[in-house]
Amino acid sequence: RKEVEQDPGPFNVPEGATVAFNCTYSNSASQSFFWYRQDCRKEPKLLMSVYSSGNEDGRFTAQLNRASQYISLLIRDSKLSDSATYLCVVNRGNTPLVFGKGTRLSVIA
Amino acid sequence: SQTIHQWPATLVQPVGSPLSLECTVEGTSNPNLYWYRQAAGRGLQLLFYSVGIGQISSEVPQNLSASRPQDRQFILSSKKLLLSDSGFYLCAWSPGHNEQFFGPGTRLTVL
Numbered sequence: 001r002k003e004v005e006q007d008p009g010p011f012n013v014p015e016g017a018t019v020a021f022n023c024t025y026s027n028s029a030s031q032s033f034f035w036y037r038q039d040c041r042k043e044p045k046l047l048m049s050v051y052s053s054g055n056e057d058g059r060f061t062a063q064l065n066r067a068s069q070y071i072s073l074l075i076r077d078s079k080l081s082d083s084a085t086y087l088c089v090v091n092r093g094n095t096p097l098v099f100g101k102g103t104r105l106s107v108i109a
Numbered sequence: 110s111q112t113i114h115q116w117p118a119t120l121v122q123p124v125g126s127p128l129s130l131e132c133t134v135e136g137t138s139n140p141n142l143y144w145y146r147q148a149a150g151r152g153l154q155l156l157f158y159s160v161g162i163g164q165i166s167s168e169v170p171q172n173l174s175a176s177r178p179q180d181r182q183f184i185l186s187s188k189k190l191l192l193s194d195s196g197f198y199l200c201a202w203s204p205g206h207n208e209q210f211f212g213p214g215t216r217l218t219v220l
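Sequences listed follow chains R and Z, in order. The first sequence begins at 1 in this note's numbering and counts up by one. The second sequence begins at 110 in this note's numbering and counts up by one.
Chain R on its own, in the form it takes in the complex (with noise of 0.2 angstroms):
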């Protein structure tokens, strides 16, 4: 099983929809989780951190359930510059991140 799994999309969505991302991690000892927004051909940046009870930053809500070992993205009223790919990272304690292979989402007008 891979550390950390999502599904690969893509996510076809029209502007102003609401869509939601899921991810798995397998690493019950996993302490801090990430979003990170990759654009095509650019660099991934960091859009948000996971806490245990949930944070929101305007129209991106992110939650984590330990007792399942899944982490999720909500977006809400999608624009067209969501279109991306949304990477969940795991941070496992004294070694590297962890990265999923990405969720690529298209917001279509």
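Don't read these hints as lab results, they were simulated from the structure. One thing to keep in mind: the hints can contain errors.
[What the hints assert, rightly or not] Per the computed footprint, the stretches of chain R lying under chain Z, defined by three or more beta-carbons under 8 angstroms from a beta-carbon of chain Z, are:
{"hint": "1", "region": "37 to 48"}
{"hint": "2", "region": "69 to 83"}
[To be verified] Residues from chain Z that keep clear of chain R, each with C-beta distances beyond 12 angstroms, as calculated:
{"hint": "3", "residue": "Q115"}
{"hint": "4", "residue": "Q122"}
{"hint": "5", "residue": "N207"}
[As the list claims (entries may be wrong)] Simulated restraints on C-beta separations:
{"hint": "6", "chain 1": "R", "residue 1": "G93", "chain 2": "Z", "residue 2": "V121", "range": "37 to 47 angstroms"}
{"hint": "7", "chain 1": "R", "residue 1": "P14", "chain 2": "Z", "residue 2": "Q182", "range": "44 to 54 angstroms"}
{"hint": "8", "chain 1": "Z", "residue 1": "P213", "chain 2": "R", "residue 2": "G93", "range": "43 to 53 angstroms"}
{"hint": "9", "chain 1": "Z", "residue 1": "L220", "chain 2": "R", "residue 2": "S53", "range": "49 to 59 angstroms"}
Predicted model, so just to flag it, every value in this text is computed and none were measured. The C-beta atom is built at its ideal place from N, Cα and C for all residues, glycine as well.
Use these hints to put chain Z onto chain R, whose structure you have.
For chain Z alone, coordinates are given in the frame of chain R:
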């Protein structure tokens, strides 16, 4: 604030030629440094990381090597490039093994 630089932005090299990619970080001290490769349409592959000057951990055996001659400088090298070395090379830094911040990357094509 912290910034990370990589150069060159693009590079076209013949098979068998040497490679040297440089990454430097400003605005922080004793960062963890990382080299990743991303093949077209694929995920990130961690190549090397360093927690201090002269300390290099290799994640994948291959014909690449890394060095950290100064606190905020990380270099990726090869003596002889292979076709399979083509890809998008990304350098990143982090304060400990926590959230990472990436440089703009170098797109390498080996012909």
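Tested hints:
no.: 1; hint: 37 to 48; in the structure: holds (count 6)
no.: 2; hint: 69 to 83; in the structure: violated (count 0)
no.: 3; hint: Q115; in the structure: violated (9 angstroms)
no.: 4; hint: Q122; in the structure: holds (19 angstroms)
no.: 5; hint: N207; in the structure: violated (6 angstroms)
no.: 6; hint: R:G93 x Z:V121: 37 to 47 angstroms; in the structure: holds (40 angstroms)
no.: 7; hint: R:P14 x Z:Q182: 44 to 54 angstroms; in the structure: holds (47 angstroms)
no.: 8; hint: Z:P213 x R:G93: 43 to 53 angstroms; in the structure: violated (29 angstroms)
no.: 9; hint: Z:L220 x R:S53: 49 to 59 angstroms; in the structure: holds (52 angstroms)
Hints 2, 3, 5 and 8, counting from the list given before, are not met by this structure.
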